[in-house]
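Engineer: Those sequence lines, one after another, are chains A and B. Count the first sequence with this note's numbering and you get residues 2 to 342, in order. Count the second sequence with this note's numbering and you get residues 32 to 665, in order.
Source of the hints: derived by calculation from the structure; they are not laboratory data. For every residue, glycine included, the Cβ atom is placed at its ideal position computed from N, Cα and C. A couple of the hints might just be wrong.
[What the hints assert, rightly or not] Computed list of lysine-lysine pairs in DSS-like fashion (alpha-carbon distance at most 25 Å, straight line):
| no. | chain 1 | residue 1 | chain 2 | residue 2 |
| --- | --- | --- | --- | --- |
| 1 | A | 291 | A | 316 |
| 2 | B | 261 | B | 330 |
| 3 | B | 454 | A | 211 |
| 4 | B | 454 | B | 388 |
| 5 | B | 388 | A | 67 |
[What the hints assert, rightly or not] Covered stretches of chain A (chain B as the covering partner; in silico rule of three or more C-beta atoms under 8 Å from a C-beta of chain B):
| no. | stretch |
| --- | --- |
| 6 | 72 to 86 |
| 7 | 220 to 226 |
Given next are the chains, with one letter for each unit.
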Amino acid sequence: MERAVPHAVPLGQMEVFQALQRLHMTIFSQSVSPCGKFLAAGNNYGQIAIFSLSAALSSEAKEESKNPVVTFQAHDGPVYSMVSTDRHLLSAGDGEVKAWLWAEILKKGCKELWRRQPPYRTSLEVPEINALLLVPKENSLILAGGDCQLHTMDLETGAFTRALRGHTDYIHCLALRERSPEVLSGGEDGAVRLWDLRTAKEVQTIEVYKHEECSRPHNGRWIGCLATDSDWMVCGGGPALTLWHLRSSTPTTIFPMRAPQKHVTFYQDLILSAGQGRCVNQWQLSGELKAQVPGSSPGLLSLSLNQQPAAPECKVLTAAGNSCRVDVFTNLGYRAFSLSF
Amino acid sequence: MSSESSKKRKPKVIRSDGEGKYYSEEAEVDLRDPGRDYELYKYTCQELQRLMAEIQDLKSRGGKDVAVEIEDRRIQSCVHFMTLKKLNRLAHIRLKKGRDQTHEAKQKVDAYHLQLQNLLYEVMHLQKEITKCLEFNDSGVSFPNRLAEKYRECLSNKEKILKEIEVKKEYLSSLQPRLNSIMQASLPVQEYLFMPFDQAHKQYETARHLPPPLYVLFVQATAYGQACDKTLSVAIEGSVDEAKALFKPPEDSQDDESDSDAEEEQTTKRRRPTLGVQLDDKRKEMLKRHPLSVMLDLKCKDDSVLHLTFYYLMNLNIMTVKAKVTTATELITPISAGDLLSPDSVLSCLYPGDHGKKTPNPANQYQFDKVGILTLRDYVLDLGHPYLWVQKLGGLHFPKEQPQHTVIADHSLSASHMETTMKLLKTRVQSRLALHKQFASLEHGIVPVTSDCQYLFPAKVVSRLVKWVTIAHEDYLVTPALPLHFTKDIVEAGLAEDTNLYYMALVERGTAKLQAAVVLNPGYSSIPPIFQLCLNWKGEKTNSNDDNIRAMESEVNVCYKELCGPRPSHQLLTNQLQRLCVLLDVYLETDSHDDSVEGPKEFPQEKMCLRLFRGPSRMKPFKYNHPQGFFSHR
């Protein structure tokens, strides 16, 4: 019929290209602002988008509230990792770590405060930085990634103080044990290593793939995610998601999840994990699956819990991964809505 | 007093016609003598004065008898007063009569005066006429003769002039064949100098009969061709006589209409088939084309020609175009290339969204409703496509926001779109011809990579293209039952319209089979083809369960600009296919060996890679570096 069909907007070259970019976007990292009202997300094109959580969660939220307040090109390569201090957003990806001022970030044309590159051994290819970890007691930042080393950087001076070697393949993830202080790192070589920051030495090694109960050879041996809570450590990746008792280096609980997990975190009395597959998984410490809540991306890479005390109304769980969307869970039972690049 | 009042009421003087008895003082006035009345008046006044004086005397004297005397005199005075009153009345009446008479007389006088004026005016007028006639007479000849003379003079003039006209006509008619012979004689000179004025002249003659939009197109295209593009040729086809016949008075057609209306009123069961036929006729009438059409031929560098024929639908006020591509050498069409150059689709979406399946004139909807036409789409094969750019070249603009009553052809609209459209048309034909050639090669399993694009790929590519077929749009859309479930994202993003062309490529190496569903936008190559992949090797892997498959799609879909090759980027599709083969090689060769499985890897690593995996998604090194020849990560 001549008049019935509403036609879609004709797509010219620019529109098609933008649509394709969005389809092939991956969000690798997230970070909540110190005030708790904003969320930063970093993608594979090197862009960082700042979303206003308070606007998106408010009762007057419109469709536009789900779009970023500002998007800017932060790095040349993907933004694999981000953390926030009480004033800065630190982002890293293609071999460099950059700092942005949260107070300035919403203004257009925001420039980085500083950028630093750890002293790499190889020069043929710049190694990526996969994980950033803040050590508040020392006021330092730990970077780890493609060159298989953990570098510590003093946040005040910008100097690189230590380089911890031990991994035989690149490092995926880091976790901090506040007490000692100790750092745990998980890598492509299949090992979780504990490092004492004062002595700068490796104090414990757990080669997960060597334990039959959790190894899964068809997935590989790589450790993609780590989280720690006092004496406990949970890790996942190629091998099954497993809860470990650190002192005895024994796996206490194997979580029956077939798909490799890319992010894991302790939350209250639960363990939250996400990875290949749509869902955010909630586990009891006993190993029981409490809930599986589907998100909007076919695979997830990053979970972020907004626990900033200054913004209790923005206390949400956000999940992002193989899409241009960040799912927002206001309570862990269901996905409320999604923010989108 | 009372007697006076009774005088008023009672009839005393009887009028002579004897109808009714009533007192008329007016009649009395005529009977009495004014002079005598005047005397009576004077006498009465005197008496009154005397009586008043006597009363005065008596009153001043006083005494007993005085009252009676005074009374007596008082009564007399009263009588005198009454007399005065009567006299007063009579005087008033007389006055009134006199006034009336005067007025009557005055009116009479006025009437006579008016008559006098009229007559005087007439007299003056007649005198003027007479003087005129006398003047005329003064010429020496008498009045009627003069006219006759004039008449004779005019007659003789007329004859003279008629003769002159005859002479001139003969002269002109003798001139015509002479001019023709001159024109004929000059033809060889025209050809020699490449100035076919005669031909152009004939064309302009025919062009006069074109409807306005076709005329605008003709003029603008000819101008553009002469100024900017010598490979463009413009011609007019069709019957000029039929075009002229269109301007005959419409009585005939109206009669037909009334006849058919009468027939419709008599509708019985027997008449139903004819009703359908009548509707059909009405439809045909509505969709009627103007007998003349404008032909544009665009010649491209490789001697292929795009033939465009533009028509004008008179009742709908829109233009349509039919397209045909001819090549210098005959083309053998590969099976998958059927739609590339077909007249129906070769010009589809020349501008984004301009699919030419719907009429651009919103007013047509109402016309269509009357004759039961659902959509123009059903008739485009016959009538041609009503693309928006075609309307613009004819100077027709149909604004959506403010529909116009009559849309007239505008030269400036046509001129402003001519160059861009002609360039797009040429690019379109050449891009389609290039694809045509490439498809022939693809169907034979060879990805034709030109020498200037070899640097994009390593020397050794093991994966091979084994199949290249066209698939229907419906097959690309997703239903769980159909095998193409991995195209869901593209469909949801609105990138899989029915104006696109769809293909399936199959790349194989060893036991690994990679399916690629391809969306080819009509705007290729400025709009890149879109690939969606599904790998069958150790299970089924698509972008939803394998990050590296997603990365491979990104390598061809998002990073397509590197693969465009030299302008006009006709190599994009073939380069994308070649890259796909290279990506599959990398994927298979960098597969991490599963320790639990026995035996060697199916695909030993031959590609030089700095690192196998990188980043949280453990990406394979898909980026080829030239000229060093190794693979790295983006």
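Engineer: Taken at face value, is the distance from the CA of residue 211 of chain A to the CA of residue 454 of chain B at most 25 Å?
Structural biologist: Not satisfied, since the Cα-Cα distance of roughly 66 Å exceeds 25 Å.
Engineer: Examine the stretch 220 to 226 of chain A: at least three residues should have C-beta closer than 8 Å to a C-beta of chain B.
Structural biologist: holds (count 3)
Engineer: When you check the alpha-carbon spacing of residue 261 of chain B and residue 330 of chain B, does it fall within 25 Å?
Structural biologist: holds (9 Å)
Engineer: Taking 8 Å as the Cβ threshold, is the statement that the stretch 72 to 86 of chain A is covered by chain B upheld or broken by the three-residue rule?
Structural biologist: holds (count 3)
Engineer: Next pair to validate is residue 291 of chain A with residue 316 of chain A; report whether the Cα-Cα distance is within 25 Å.
Structural biologist: The hint holds at about 21 Å.
Engineer: Holds or violated: residue 388 of chain B with residue 67 of chain A, Cα cutoff 25 Å?
Structural biologist: Violated, because 37 Å separates the two Cα atoms, which is more than 25 Å.
Engineer: Quick one, are residue 454 of chain B and residue 388 of chain B close enough, alpha carbons at most 25 Å?
Structural biologist: This hinted pair holds, its Cα atoms lying about 23 Å apart.
Going through the hint list in order, the structure does not satisfy hints 3 and 5.
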